[in-house]
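Protein chains in written order, with our numbering: chain G, 1 to 297; chain L, 1001 to 1447; chain B, 2001 to 2295.
Among the clues, some could well be false.
[What the hints assert, rightly or not] Partner residues are not named here, just some residues of chain G that face chain B (Cβ under 10 Å, in silico):
id	residue
1	66
2	250
3	276
[Said to hold, decoys possible] The calculated lysine-lysine pairs, modelled on PhoX-like cross-linking and capped at a C-alpha distance of 25 Å, are:
id	chain 1	residue 1	chain 2	residue 2
4	B	2044	L	1219
5	L	1180	B	2142
6	L	1315	L	1133
None of these hints come from the bench; they were simulated from the model. In this text, all values refer to a predicted model and were calculated from it rather than measured experimentally. By construction, the Cβ of each residue, glycine as well, lies at the ideal position given by its N, Cα and C atoms.
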Amino acid sequence: MAIRRTTRKRLRAGLVYATLVAVTALTCFPLAWAALTSIRPNEEMLKTGLIPEHVTAAHYRALLAGRSMYFEAGGAYRPSTAPAQHFLAWFANSVVVSVATTVLSVGVSTLAAYSLTRFRFPGQSLVPYVSLLGYMVPSIIYVFPLFLLIVPLGLADRLPSLVLGYVSITLPFCMWLMWAFLKSVPIEVEEAGLIDGASRFQVFRLIVLPLALPGIIATSIFSFIVAWNDYLIARIFINTITQLPLTVGVMHFFEGVHVDWGLMMAAAVLMTLPLAVLFMFVQRHLIVGFGAGAVKG
Amino acid sequence: MKRRDFLKTTATGAAVLGAPRLARAQGKTGTARVWGEPGPYGGVGVDAMNEWAQKNAPGLKFAIETLSWTDVYPKLMTDLAAGRPAACISVESPIAFQLMAEGLLEPVDDLVDRIGRTRLISGAKWEYWGAWKGKQYVIPAHHQSHLLVVRTDLLRDAGVTKSPAEWNWNDLLAAAKAIKAKTRQFGLCIALGRTIATDYYVISLLHSAGGRMFDAANKSQVVFDSPAAVETFEFIAELVPTMPPGAVGYTFLDVVDSMAKGQSGMVFYWGRVFGRAAEVDPNVFKTMEAYQHAAHPKTGKRLNWNDFQGWAIPKDNNPYVAEVKQALVHLMTSRDWQIRYAQSLVPNVSPVFQDVAQDPRLTQHPFFQTKRRTIFEYYVEALKHASNSGNELLQGISPLAGIVHGRAIIAQGIQQVVIDKKSPAEAVKWVHAQLEAVRREHIRLVV
Amino acid sequence: MIGRHAGLSDRQLGVLFLLPFVAVACAFIIYPAAESVRLAFYSKLPFRPALTFAGLDNFRYIFEDPVFWAAARQAVLWTAASIVLQTLFGVAIALLLNEAVRGINVFRGLLLFPYMVPTVVIALIWRWMFNPEMGVVNASLKGAGLIQRDIYWLSDPAWAMASTIMLNVWKFTPFVVICVLARLQAIPLELAEAAQVDGAGAWPRFLHITLPQLKAVLVVVIVFRTVWTFNKFEEIYLLTRGGPGTSTFNLAVYAFEQATANLKLGAAAATGVVMLAFLFAGSVLYLRLLRQEEA
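Could you build the full structure based on these sequences and the hints that come with them?
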């Protein structure tokens, strides 16, 4: 009986592993294929063997140093506009905008959520629900009017316009998530602190913030992903090639004369890398944090 | 210009006008944004403008903003609606006509003589690039036509002996079928996706068949629904089986790739397809030649779509009008810059001035060794068969009647035939109704 | 209490903390959305400043446009198919990942990661993999003898729709997994063990014990995902631009095209209002379900 159970257990574990491996292989294949393409020489582009016969870093070098998209010959004058040369600038823009968006969304929504869960005033219970409703509004609806608002503010074609645009996407949900978290932080601890003579700011900093940390991490990840992934807003708001974030910049590779797939996949890999690093650190919190609410993608 | 003269490319071109007296600008600084289409030439133009700025307007910088073909309209809409136009736009004539009719562009008549009214290459007129009610609004940058590009080796393998220069529509169709049947390649590839590329292809065929979109004589009434349009749609439907099955989703780039990678025996395309092929597959490049389009059997017309790309200056909220004008004069009167501009994408960017076309330095590009005949077709011959939707406007159509450029209405009509299997007559009626709706929307403004 | 220090009452402080949120929400969410709703009743050509009242003309225009209805139908199809597949795969993968086997964290990481991958990146990879002539998908299928001829994944209407659905399912199934997994981990182990002792098989155990526990979270996830999938723009636009023809349009792409290609801001705004109506219905449903659960 005991032996049968162990065998069954082993069999079951084997089955679970086999299924897991199959599902994971299928899921990860697109990313793996992109990575493999990015190190495949152009001459081998049409071959579909899993592993490239030769490995090259040419596509990555081209991303950083620029590669002409047009046939150049005969000592033709070379203008200063090959899009690949801007990859680093796009990368920096994406980092700046995503970090700024994250800081702003988390800051504003934490303050608001704290206010809603700790103070009493009319309309207090309604705000989070209205806010969540706001999160369901498709961005296609407000992106054009928002642009018309950005221009008189003097922000058009500048990175701060993107931060504003992204915050308008993230804020309602961040606020909902923080509200859900802070609601579950027991108020008694804070009251004890206050009675002990700590100021509200001390209480907020020393007691509330540590307890709300999983929520803050979840909202941060969420804001970062939204900002890093957006295409629509940046496409409408930004024109200058050096001011673009990665998403819109990389789509410029589809213009010109041909599609440079090696370059494209190298860009795809480098664009995904920061998220992979981030993901490794926060994976644990992701399930806890997002489990509290539900997240838009 | 005579073919013989061109092939010799004599050095005795018209003298460039002396260095123009450039009035010093009033010390305006900042960044003047310039919109260009994808391609290296916009960047060359801006580099020239910056050369002017360095000497004459320290602190002013011109910056290129490359708009993809699908971005032109979104950008026009958002940026013009928001009152922040670029300081200068490199734009093809159908869009230029629309903008000038809306009163959005600055007239540039004062520049024409400084640049050289008589310098234009023969067969071209200033108004092709954009004139409205007697005023010039656009400075010619280059002209670019799509032509019939063929693989001579595949034509031979398919047993086609008649020269493409002699073809009519029936010959084209027969050749496409023969290539498809006898070689392993597709016969013809054109873009049939829901993009402006498709509109370009269809409109040039429609014009060859004698059809029009609007009636110049009668208040710009829509006259699309005609036997010529039905015939055009039917012709394309007949060609479709010889094309790559993906063509219904294709836009510009896919057509280039189809030819350069050796998948299709013929394409309708602008000159840049040659550069791409030279890069990807020298064997394909070697056998490629461009011809004027096949003639319509009855009208005998072999029209292409010529973009007539020029520089235009938005009028409102543009602090740099004076500076752009000066910089444009510099770009257009400098033979060096004109040659660099044309050299940047051979033979896509055809020079607009006689003296530039005849400058021996132009021939330094290696394509002049192997593709001289083809280059001549693009640079000179194509002008004789140039058409585009701006072409209808030149005959008196108000752009406000329904510039439909960018809306891909005609492309959608074609797709109804190819994808939804509607009859060509039905699809033509649908397109007609769409054009009529656009016209109705603007009718108040049509005088 | 802090009022003692800063000279503010608790209520004032509460309002002060809330102020940045309210200000940003009003200026950058509510105002533009309201502006868009207003535009739905006006005729506006982007090149001209004039704004003329058009009553219901914009709505009449879109309702008479067969492409609008096609876009609406396709949006429903794309949403329904995506949601059904995401939910099925999501629950199945969550159950797998809930197994206490060694190394499960690695699998968890790999299976959840697609959710983080930018849409642009996925669209690029899809366009590369599903390229009819050069793509690995057709080559593999041919190699395995499953197909004879190339499938035109992105230029055949049915396949293009299937491709956009696949992209959506690939990216967002992890979201369902995250939510379901969070719930699964909260299910008391005793429940399942009790059932096992009773001799219930795996399927009945799932059906009668696990599924009822998941019901609440699934309802929320499905409602949320339905609204968001319905509103998606980039997933479709970056992959097919709504093509071939208009066969993968949804309402968001339709609105974008009306605004940018047709220059009809009013019609785009009217489409937006129709989408808002859908969203409103979804939200009411959501709130009702939420209340039911709380009761």
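Quick rundown of the hints versus the structure:
Among the interface hints, the one on residue 66/G is violated; its C-beta lies about 19 Å from the nearest C-beta in chain B, farther than the 10 Å criterion. Annotation: residue 250/G was flagged as interfacial toward chain B, and the flag holds, the nearest CB pair being 6 Å apart, inside 10 Å. At a threshold of 10 Å, the smallest CB-CB gap from residue 276/G to chain B is about 7 Å, leaving the interface hint in force. Restraint check for residue 2044/B and residue 1219/L: the C-alpha separation of about 24 Å stays at or below 25 Å, so the hint holds.
With a C-alpha separation of about 22 Å, the suggested pairing of residue 1180/L with residue 2142/B holds against the 25 Å cut-off. For a cut-off of 25 Å, the pair hint linking residue 1315/L to residue 1133/L stands: about 17 Å separates their Cα positions.
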